[in-house]
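Visitor: Just so you know, the protein sequences line up as chains G and X, in that order. Here my numbering is used: the first residue of the first sequence is 28, the next is one more, and so on. Here my numbering is used: the first residue of the second sequence is 357, the next is one more, and so on.
Just so you know, the hints here were simulated from the structure itself, not pulled from any lab data. Mixed in with the good hints, there may be bad ones.
Unchecked claim - Residues of chain G placed beyond 12 Å of chain X at every Cβ, according to the derived structure:
#1 104
#2 186
#3 232
Unchecked claim - One side only, chain X facing chain G, incomplete, derived with CB under 10 Å:
#4 435
#5 436
#6 503
#7 615
As the list claims (entries may be wrong) - Covered stretches of chain G, as calculated for chain X (at least 3 residues, CB under 8 Å):
#8 122-136
#9 163-177
#10 195-201
#11 273-285
Idealized CB from N, CA, C, for every residue including glycine.
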Amino acid sequence: MSALPSRGRDEDRLSTRVEPRAPHRRSALPSARTWIAVAQWLVTLATCAFLVVPVVMSIVAGLTVNYFRGVASGLTLRWLEEVWTQYHASVFLSLEVAAATLAVTLATGVPAGYALARSRTRVSRMIEELLVMPVALPGLASALALLVVYGGYSAFRMSAAFIVVGHVVFTLPFMVRPVAAVCASSDLRTLEEGAASLGASFMQRFFTIVLPNARPGIVAGALAVLTLSIGEFNLTWMLHTPDTKTLPVGLADTYASLRIEVGSAYTILFFIMTMPLLVAMQWFGVATPDVATRRERNAGISHHQDSQ
Amino acid sequence: MHDLTFPLRWRVALVAPALAVFLAFWLLPMAALVQLSADGHFLATYRALLTNSRYMTSLLQTVLLSAAVTLATLAISTTCGLLLARRDFAGRRALVALLTFPLAFPGVVVGFMVIMLAGRQGLIGALALRFVGERWVFAYSMTGLFAGYLYFSIPRVIVTVMACASKLDASLEEAARSLGASPWRVTRDVVLPALMPGLIAAGAVCFATAMGAFGTAFTLATDIDVLPMTIYTEFTLNANMVTAAGLSIVLGIVTWGVLTLARSLSGTSVAATA
Chain G
28 MSALPSRGRD
38 EDRLSTRVEP
48 RAPHRRSALP
58 SARTWIAVAQ
68 WLVTLATCAF
78 LVVPVVMSIV
88 AGLTVNYFRG
98 VASGLTLRWL
108 EEVWTQYHAS
118 VFLSLEVAAA
128 TLAVTLATGV
138 PAGYALARSR
148 TRVSRMIEEL
158 LVMPVALPGL
168 ASALALLVVY
178 GGYSAFRMSA
188 AFIVVGHVVF
198 TLPFMVRPVA
208 AVCASSDLRT
218 LEEGAASLGA
228 SFMQRFFTIV
238 LPNARPGIVA
248 GALAVLTLSI
258 GEFNLTWMLH
268 TPDTKTLPVG
278 LADTYASLRI
288 EVGSAYTILF
298 FIMTMPLLVA
308 MQWFGVATPD
318 VATRRERNAG
328 ISHHQDSQ
Chain X
357 MHDLTFPLRW
367 RVALVAPALA
377 VFLAFWLLPM
387 AALVQLSADG
397 HFLATYRALL
407 TNSRYMTSLL
417 QTVLLSAAVT
427 LATLAISTTC
437 GLLLARRDFA
447 GRRALVALLT
457 FPLAFPGVVV
467 GFMVIMLAGR
477 QGLIGALALR
487 FVGERWVFAY
497 SMTGLFAGYL
507 YFSIPRVIVT
517 VMACASKLDA
527 SLEEAARSLG
537 ASPWRVTRDV
547 VLPALMPGLI
557 AAGAVCFATA
567 MGAFGTAFTL
577 ATDIDVLPMT
587 IYTEFTLNAN
597 MVTAAGLSIV
607 LGIVTWGVLT
617 LARSLSGTSV
627 AATA
């Protein structure tokens, strides 16, 4: 690295600019800059290894005959088959819960996001704050609270709807916020006034102007809701019954009681299930700000939080 | 605000469904939880809770762990995020994808990743056994939980740092450099202050998540002494609903307090990232 001329490193850092700088400083600066760059690269690559290595290991472990003896013991699909016969119900339940959660958050969150963005009053600000409370506070507390009030209604308590309710409350802000942000950044009021002056009714305007304009926010919100619902554990562990085990609940069971190959195979199943969502996130630029549109970026759509 | 195209009745009608869900399934249950936790004598019950040394040790450990995770995550993610946001190199997008795909992992899976790394049959243990002659197993302890929360938080904060860094005004740095500032000083005096609101917001969210997290601890070991595990034990093993309710409210208040503090420090809405 240190053999490179300093110009080369400048280009590395600021790809298009040529900066005016007194020539005598050139000899002193590059080494500091090189050290910083090297340290930065080391940290980044180490972090990358920290995140990726265990994933690769668990995929290998789930396909190995005997993990303790290593890959030399041979590869097999036996564990995957075993997990599938035993736990496929949890996969389908998770998909159903996620779909139901998405349906409810779309029906309630999209209109709310739009309305909150259009009316910037103190009341609407307060409602927005309130809706975020279930995310800011520990999921355990929300789950206990639901159990206190609704635990007695056993038909509701025993059904998957109980889990859906918990997921909806927790994921609702992830739909409302991006929709509100996109609605606030596009000048809907002017567009709607134009349409209204031409005689469009409120419903016509909502479906032909508001929804198309809010689409980036709706897509980002929908992906977040699906991902969060499929991975939700904090609430679900408290709310589930033996008949309503979702994927993360099944995972926790397997990790606690079964051999590492089975746990790994189940994790592979989880990876396969979330892969389409991840690809979609990359595709729509939800997770990576560099491909997100400026509007989305300013709207803070890329920010993400969920509970463990 | 008089708005011809958006009359009040439509506003109410559009917000009503979301608000109804929230009131029925969160606010009302929360109020019931608070009432239950008081057990008839609000002050006496909470005084007993807050003077119980076991619970307070658990709370303190949770706060310390969350704070340590937050600081470490911020340091690592800022380093990675700045590299990814400000340098252009071959394979950059692939690296971004690798660093952000664990975003979708729930806490239980993160716990399993830590077991893969540092568990009884883990990689770190195997490597240590070969080179140091001693098997390092730290997954089932506070250290393992620390590693798990790092794993969980790093991708999230990297995304935030990249978003903030892409909005930085490059001319400020250029000015600092042309005035003779060293790269380190440019980072310390120009880049970091500009990133600070975003970092505080991301750090607050990271802290809040670590405070309430449950899945990772649950996967690693049920006897790690953090408050969510204590609440869970009180609820299931001891069937002590009053204490579980009280502790989860204390946990909620501490978490909410940190978020509020961070918001007043950063000046922007932390809730916007929550």
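Visitor: All hints, please: hold or fail.
Guide: Evaluation of the provided hints:
no. : hint    : in the structure
1   : 104     : holds, 20 Å
2   : 186     : holds, 14 Å
3   : 232     : violated, 7 Å
4   : 435     : holds, 4 Å
5   : 436     : holds, 4 Å
6   : 503     : holds, 8 Å
7   : 615     : holds, 5 Å
8   : 122-136 : holds (count 4)
9   : 163-177 : holds (count 13)
10  : 195-201 : holds (count 4)
11  : 273-285 : holds (count 5)
Violation of the numbered hints given earlier is confined to hint 3; every other hint is satisfied by the structure.
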